[in-house]
Amino acid sequence: MQYDEKRLTRIVATDCGSTTTKAILIEYVDGEYRQTIRGEAPTTVEAPLNDVTKGVINATQELEELARLKYNNPNIKFMEDGNFIIPRKGDVGVDAYVSTSSAGGGLQMMVTGVVASMTGESAERAALGAGAIVMDLIASNDKRMNHEKIERIRHLRPDMILMAGGEDGGTIKHVVEMAELVSGADPKPRLGSSYKLPVIYAGNVEAQEEIKNTLAKKVDLIITDNLRPKLETENLGPARDKIHDIFMEHVMQQAPGYNKLMEWTKGPDLQQVPIMPTPAAVGNIMQTIAKDEQIEVVGVDIGGATTDVFSVFTEEYIFNRTVSANLGMSYSISNVLASSGLKNIMRWVPFDLDESELRNMIKNKMIRPTTIPSLLQELVLEQAIAKEALRLAFEQHKEFASSLKGMQKQRDISEAFSQSTSGATIVNLMTLNLLVGSGGVLSHAPRRNQTVMMLIDAFLPEGITRLAVDSIFMMPHLGVLSEISPKAATEVFRKDCMVYLGSCVAPVGKGKYGKPALYVKLDLPDGKKFEEDIPFGELRLIPCPVDQVAKATLKTRGGLTLNSEKAKELEIELHGGTVGIVIDTRGRQPFALPEEKTERIQSLKKWMRELDAYPEDILV
Amino acid sequence: MGQAYSAGLTVTDSIILRKERILPLKGEVLVKKGAKVKGDDVVAQTLLPGKVVPFNLANKLGVTPAQLLQYIKIKPGDQITKKTVLAENKGLFGLGLFKSEVRSPVDGEVENISAVTGQVLLREPRIPVQVKAFLDGMVTEVIEGEGVVIENKSAYIQGIFGIGDETLGELKMLADTPDDELDAGKIDDSCRDKILVAGSFVPFFVIDIARKHGVKAIITGGIDDQDIKKLLGYDIGVAITGHENVGITIICTEGFGKIKMADKTFNLLKQFDGKKASVHGHTQIRAGVIRPEIIIPLDFDENELVSKEASLPVLEIGTLVRIIRQPHFGRIAKVTALPEELTMVESETLVRIMEAEFDDGTKISLPRANVEVIES
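For the protein sequence lines, the chains are A and B, in the order given.
Sequence positions in the first sequence follow this note's numbering and run 1 to 620.
Sequence positions in the second sequence follow this note's numbering and run 621 to 996.
Calculated from the structure, these hints are not laboratory results.
Treat each hint with caution, since some may be false.
DSSO-like mimics (lysine-lysine), calculated; alpha carbons at most 30 Å apart, straight line [to be verified]:
#: 1; chain 1: B; residue 1: 658; chain 2: B; residue 2: 890
#: 2; chain 1: B; residue 1: 658; chain 2: A; residue 2: 217
#: 3; chain 1: B; residue 1: 878; chain 2: A; residue 2: 343
Using the sequences provided together with the hints, build the complete structure.
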């Protein structure tokens, strides 16, 4: 159901995250939708309160208080007797309340396939695209013994299982064998033992009867279209839709307080608006941007526990999402250190630090995840850790986002077989147009310049790339809002959500430190000019305001190139932003920091100073 | 705003506790409502399903899956031993000459037979599991087939991080002040089966000595990250702990590094020196926060068992808070103001701050997110 601006003048949207419930107020003011107020409160899905709605009430109360202050009107009220007043009547009530949720660990799934790199990968992609965390992929050929698979299935306790396997009309033996293993494991759902575990079967249609015989008595079996009907065709839509239905019908019903929350989320005519898993909502918005502006996009959401990477590539707008379940800035911060190693974190730190002090600091952040770095040195360290978490998450994403992706993509058979062996990722940084960051460490960095630095150092964009950040992490809210008003969602997205930071120009190739690498001439919108033959191993920041462009002449030296056509000269318009235009001649493929510590620290300080990333006192 | 919700750990000399003691699967409850139980008493038990062993019977017999049913000697639900013949063929010309038979690889039960894959699933015998009361108290509710709720009045301390499972023992103070580092020389055979209380720190070699002397658990202010690694043999990536089998339970009340134990916690433990306590190191920071607990049961009257309604700790003027991040990590202060507007701190982060005062009158301001309310 969709509504226009006459029916939707004031909307409350919440995102119930694992630690914080974030509420925003969206209002139709002076002929346009704007996000006007934001509030937050701790999420209360767990003990002692065990009721997610308490956190929603607290966050909404903060919205109410701030709205009364902002409009100097004590009569403004959104809730009464612990319930939203819908529709709005003057100062009282709102026209809609919508919500996303990742609280209580989000949606946790296990997927199965016959061949791990084919039907297994397709099933994984369907689950990830629907906003799930994939706890494990179990396939006939995954090298584990059958009894190990059974033990694994039994111990996982997912919210649901997605089973794929076999092309339509092909052999049924392997997929039935997998069903036998699932049946033998007799898996129980994560939340509560009062209902049967939902299992979606989206494999070979010919096996449906046998699957029913094997599984129907033990689990809540739901059968849908084959997600890989042919080797060269993927059809993820029906499986994804079923996942969303079951998420609402089964999983959310079991989480404390969600029954009530599901009754609250509704539009002006009191019709229910389904709660969406947070990553599915972010994915919605990412795809909308890519299609609207006809561009290739990479988005990242770095949270406390997990890091999600989204990408939309190729002319067919193929969408991929990965979740790095143990890379995050609080709960999982210690795992970032374990995965990347201390040396990789310290390579971004422009001062010396006692190793045990750093290790204990990281562990203390893990056990007290909501604390904020109030000392500058701690901020620099957290941002160094963030660069590594982002780098690792992006590496995992590139590996996953390979050739056969997305719905109904037709390919020939030779391509289908080469997908995993060649590992041909479709993520191409040279053609990437826009890199969007979100999540606390990126959205709330004290200086936007720090966000630019983290994005560039972690993702190493190539050629010309526009950089943006989600201002206050409202992409989930807008993703679910687009279900009832695409207009409101897109308007708020463009005006309040996206903060364009600027553009990054990074020629690809190797050079020698100090030797000329890139000639840059910029005609800036205020009439000023910038001209320099920039040596290799440098960063430059040239201010250029948001919504403005600079006319650029770029000429590389040596073997460096500027785009996927390996151009060495370009006349191009570069978009400005709150930070500006960054020229990065530190090289790509490879990008290497100086090995020697003193030299590395000197270089880091020089670059950080050039980017105006930190106050001078920490860079002397 | 005059108040705000905040994180907090409970440290109190008296609280009504209510603990669910639930079986992993349905089973039998062994105690009745109203029964008084001790921590070591078994309150419920069950049999967990045995391991499932998949076995490709058709392959073993040398027939196709579809043919298997002609030769099979078992059906789902049958009890089997290693002597049981699962299937046999009819031999040469159907006369029983050179007939081959396949026996079960395990003792247990037949779970499933498949004519599509030729696979049978065999289930090994069930495994008994018991749930103990863990704390001295009264059974106030029996959840039929699942477990019980036990309530009591206790002195109660939540730790911040721990390792190791549930254990019971007498508290033994080995620290004179909350600043003390646990002295290896103080650990002798009198510490066997005890729960030792250290001050600010306990290094790995002392933990090792304690373990050798049969110490059940150590309560400490701080611990070093690398010492935990030495103890476990691996680095903790995500804080989900409590099931490690390292022969000792460790409960950390403040955090990583050498950190003075909060005076209130230290004094409470001192007050109950020699008393029996139930402790565990279970920690789960993500999704369903679990913190380690120190439970010291007190005498109580049945009508005292009314637990307070759950609420979030509230930060308001006058509240005592513990600072949980640098600078001033570990110090206690009293809230003097909660300004509404966002304020810039040294790292240039714009945050909601609070103003507070230390015991000696020194005033500070810091992010609200960097304190814990000390609940009483």
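Results of checking the hints against the structure:
1. 658(B) - 890(B): Holds, at about 23 Å.
2. 658(B) - 217(A): Judged against 30 Å, a Cα distance of about 42 Å means the pair is violated.
3. 878(B) - 343(A): holds (24 Å)
Of the numbered hints listed earlier, the single one contradicted by the structure is hint 2.
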